[in-house]
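Q: The chain contents come next:
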Amino acid sequence: MSAPRDSVLAIRDLRVVAPNGAVLVDGISLDLPRGEILGLIGESGAGKSTIGLAAMGYGRGGCRIAGGRIELAGTELTASSRPVREAMRGARIAYVAQSAAAAFDPAMRLDRQILETPLQHGLMSAAEARDWMVELFRALQLPDPEGFGRRYPHQVSGGQLQRAMMAMAMSGKPDVLVLDEPTTALDVTTQVEVLALLRDTIRRYGTSALYITHDLAVVAQLADRLMVLRHGREVESGTTAEVLESPREDYTRRLVAERRESLAPAAGVRHDAGETVLDLRNVDAGYGGSLVLQDVSLSVRRGETLAVVGESGSGKSTLARLVAGLLPPARGVVDFRGRPLPGSYRDRDLAGLKSIQMIYQLPDVALNPRQTVGEAIGRPLAFYRGLRGAARREEVARLLALIGLPGDFADRLPGALSGGQNQRVCIARALAAEPDLLICDEVTSALDPLIAEDILRLLRRLQDELGMTYLFITHDLSVVRRLADRTVVMQKGRIVEEGPTATLFETPRAAYTRTLLDSVPELRRDWLDGVLARRVR
Amino acid sequence: MAPRALRSVPPTAWIGMALIALNLLMFLLGPELAPFGQEETVGAPFDPPSAGHLLGLDQNGRDMLSRLLYGARMSIGVSLAAVALSFSLGVPLGILAAIRGRAVDTVLSRVVDTVMSVPVLISALVVLQALGSSLPVLIVTIGLLDSTRVFRLSRIVAQGINAMEYAEVARLRGEGLGWMIGREILPNAMPPLVAEFGLRFCFTFLFVAGLSYLGLGVQPPFADWGGMVRDNQQGILYGLYAPLFPAAAIALLTIGVNLVVDWLLAGRTTVQGENR
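Those protein sequences? They're chains A and B, same order as listed.
Residue 537 is where the first sequence ends in UniProt numbering, and the numbering goes up by one at each step.
Residue 276 is where the second sequence ends in UniProt numbering, and the numbering goes up by one at each step.
Pulled out of the complex, with its shape left as it was, chain B reads as follows (with noise of 0.2 Å):
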């Protein structure tokens, strides 16, 4: 990027951005990073912080940095893995709706109807009740659930780029469907999809914690920031710090993700054909 450029960029954005990189960085790094294990007990449960344990031990005598740094691949790699999941089958689907409508739009639509008439949670809960709640299950679940709200956005979207003239040019020209999906909409369709990435990874890290929080997400003994706010919950009680850590984990990474979101659509929301 230019010096100019790079200036252009508010405040904001550089805290969000910095909020990312650290957590990107406990992502990759994160147990490689971990003084302790996570399993490992060190000392008496909900010992306040010290010098050999910055953030203190959690209800289990376990090192509360090493476990947020563990947690971090956990829930941040799933919450990833699952908008993946629902991004790369709800926009395709979503788009091709949209460009072929009649038929195809009508049978995704309704299927789609059909699952959000439910809410996701009572979904969630009872699809990894019936099939026990493992890594691989968990993600297809929560990616599956979400990608009937990415197909709905998308097929919006499309819908309007669809009707621009320039994607009229394309069909009569004899275009295809994946040049039409993947060089005249998606290209146009990509500022509302980003910011609906950082949203759905926000709700997505959200639903995660919230699924751990109940017992069915992520399973004892691996660390997510979820389980850890309900396993030290007790804490609060005592005025203990133990459950703040996990809390302030997820709070500032959902906020870093808003700021940036925010940023990459300021200015850049520009609709084709507003000025007709």
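Here chain A stands alone, though its shape is the one from the complex (with noise of 0.2 Å):
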């Protein structure tokens, strides 16, 4: 093998094959050198995860590999037995999963687990890999080193979790880590902090890793070298500078304006107000005795598109749920074109709930495996508008021409769909019920950057056809950027602050909007160092 000398893991033409005879990683090579980290970027299904297994000698849910070579700290894996590649495993070479939270065993202290791999392998002794451990949670900067590891996983929180893990997978002093979309789950806030650590620990340990993720701006903040990769093969790679500033091909060309148009800012209020369409005052909400929602007051002009932003148990989904009418607010007036809107569905009639509709962030599960395309978007044409045979088979052939699909697709069923084309699906369906309000729960939240650009194109152009008026409920603020003509930051149950998308993203004056602003990564390789020195200040 004609390795560089100084490369800790050799990849040549790596070839994945799943149990049903698909192709997922096909002529892959790729060298990592002793402290350096290759990005693995693409979207959903390009292979990067399948790679990142293999690099550990190991092929998920029954896949194979059928072809190449994999060379770590000098072992061939693929010609190895299985209690070798085992005995590299966690020593040689760990894994960061996507979710720290499943990865952990919830009736295990963090240290047992954590302690499992240097004791198992005999990499240490317990007093050593106790010491090891305490300064590693010291490097991630976890509350209390000493005493962190006696917690279980349910009393950390999110980001002390993927931290625990890194620590987990660092504590058999591995040469390569394998990092999974290490910080995909995570707040934009948290990130920041988990990405930095993440950083400063693989560079003082001088570890090498791979960073699999589909996010450009994440991965340009710590890898030395890119790969970029689509349907299991390379599109290119190279530098992270040589491939962010002159990208060669197309696809990758593609990817980075998504991210740079996401940064470009949005043209202002494009939409004349017009009457107030939702308006709600003081509203309290909540489940059982505690408020998730606490004074919370805006409105919603016909035509235009309402932001509502903030992170994880800000009570954002909880707003969507409340003027859908899932959740009945506990206190506060909700009016809906200039009436009291009851608060539960069930006492909404049937104009009233024609007039709400709503798009989930998951497409698949939105829609009924066992309906046909043409009997979901039909039936609210049925149901609202009495459309029958021939004039609603035209009504539906006439809404999927609108979003976008041929109209053969009536026939299909949403398992022989793309998520994209599942999620333009939905939109079709609320669409039919001709609503007064759409809300947009996460939309775009499942999909890969292209397809939810696609998705944001067409609620635009839809609007601006249609006039449609949009609550838009997202942790996304790029998608805020280039979308939303007010927004609303929340943060636990309360507007912090609101105003135009323009004016708030240029002059934000609460100061966690300006954590949240500061928070989204931008392409730009120094923006990282960037916001910890405004953080220190």
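Quick caveat, the hints were computed from the structure, so don't treat them as lab data.
Careful, some of the hints might be misleading.
[What the hints assert, rightly or not] Cβ-Cβ distance ranges computed for the label pairs, FRET-style:
no., chain 1, residue 1, chain 2, residue 2, range
1, A, His231, B, Arg110, 50 to 58 Å
2, B, Ile122, A, Ser445, 50 to 58 Å
3, B, Pro92, A, Arg514, 51 to 59 Å
Idealized CB from N, CA, C, for every residue including glycine.
The task is to assemble the complex, starting from two chains supplied on their own in separate frames and drawing on the hints.
A: Take a look at the structure:
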């Protein structure tokens, strides 16, 4: 094997095949020198996680390494026996998963789980392993490094648990870390600190890493080199600066452009705001005794987009459920088109139900898998508008054309469509009711960046053509900037700031808004250092 | 079915379907095919198989093959009717409890808990003893007792589906109970319910056989497979074939149904939203 001598991990012509024969990864070669971070970039299905796991000599769910060679710290993995490969895992190469909550055993204290690797492999004595764990806790800035390990997973926050998983991966002093979307599940403000700590820890101990993510801006902060993947093949690779500043391939250019465009300021208020459609005044709401929403007042006018942004736990999704009638308010007034809106959907008449429609985050769960696209879109047409037979079929075809899907999709089941296509169907189903207000609850969060971009364009076009009114719930500020006329920022169930999107982004008044805006990753390589410097100040 | 789809059917499923088809044929045409009557004495007790009597004679000298054919209609018919009753009761009530929740759920679930707290065999014996074992009483008793289990399964399955966002969309649209059950919940609950139907049928079949064996099931002179095992059991002591034939018939039908259910469920038990 002609790997450079300082390379810890060398992969040549890797080919991974799924149990059904589909080729997941084909012809991938890479070298990972000691101390370097290689970013693997791509959309879902690009094969980046599969490569990460293959680097450990592992195929998930019956996937098979069908060809190529993987040399890890001088050992050829594909030719090794299972015990040899198992001895390498944790000791020479370790894995950090996206969801720390799913990676930890909830019934076991953190230290027992973290110490398992070094003790199982006999890498160090119990005392050494414990000292090393505490050092890692300290390096990762976990509270009370000495006592942190005595806690159970549910006793620490999401960001802390993600850092604990990093400590677990580092516990065997591996040569290579496989980081699989380690910050994707975190809120943006938490992501910043976890990213910084990941980077510092990797640098401090000279570990090499494969950093797997779909977010170019995140990986730009950490990676020395990038490899762009699509459909299991390499699109291009190079140093981070090369790929981001002068991408050679069209696909990479589109990925970079999507990220850059997201930073372009909004065009300002494009729509002449009409009458007030939805008006909330001093609304409290919650589950059981605890209030999730406190003293929330906002209004949405016809033809505009009001974005509600906030991190998890801010109450933004509860707000969507309140307006939809799934959670009656405990206090306050909700008016819809000038008339009081009954708190529960059960008390609303058909006209009231028809006028508020909702689109969800996960389109495949929002569509009945046993109903064809035509049935899903046709039902509101029949239910609200009494359309039957040919008239209904024509209207379904018209709606499909409106959202940019071919007419023959009417006979297909959601399972035969992609995520982006299903989200379009959900939009068409909502449009079929001819609503006065469309609630969009994280509608692009589960989609790949380029697909999400298409959905946003579609929503914008529908607004221009049909004068739609959106209540847009999201955690993604770049989406807000592109779509919303006005923005409401929520924190812990309260509105902390409200204003025209452009104004709010340029001159944020509330400290929390500034932190939030600051935390959105940017493609500039010095972005992370800049944020950290500003935070310390 | 397209030729390609046919080829993807595993051999075990073919065996199962062949067994079910055979039993179905016996159920539909059994008495017409039988060479002798079910009460007709044609020879000496426990005569071994011969050219005229392919499966030999039973303990009363009746033709075993004819009695098996007659018994198919009785045994399969009783089980099928009982299972059909338990599903037509348990499934709608289970889904109703899941959708309506609160009071409806509490009342129905507590009634079911109470019934289930008594062993099925005891309940069945008490009812059959008190009312006397006639066919309608037998079917209704077994059907009612079994519906508690069907209720529990359909309730829990429906609760899962009811929490899905597509069910929420339908509720927010203002759909009534009929649409919710028939169009949103039931189609998505089919895989586990079909499996349960197959298993319930087997259990009921064995239960009827057990009751007949105890003398509380199908009453003589009507032939049924469980009763035939009981009537011929002393033959085992003498190394005779007679009790094996009805026992084998029960076993083959049970295996056939299970093979088909296994195939129906394989690869089709995807849970919506499991990739969350």
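Q: Now tell me if each hint is right for this structure.
A: Each hint, compared with the structure:
1. A:His231 to B:Arg110: 50 to 58 Å: holds, 55 Å
2. B:Ile122 to A:Ser445: 50 to 58 Å: Since the Cβ atoms of B:Ile122 and A:Ser445 sit about 55 Å apart, the hinted range of 50 to 58 Å holds.
3. B:Pro92 to A:Arg514: 51 to 59 Å: Once the Cβ atoms are compared, 57 Å apart, the range 51 to 59 Å for A:Arg514 and B:Pro92 holds.
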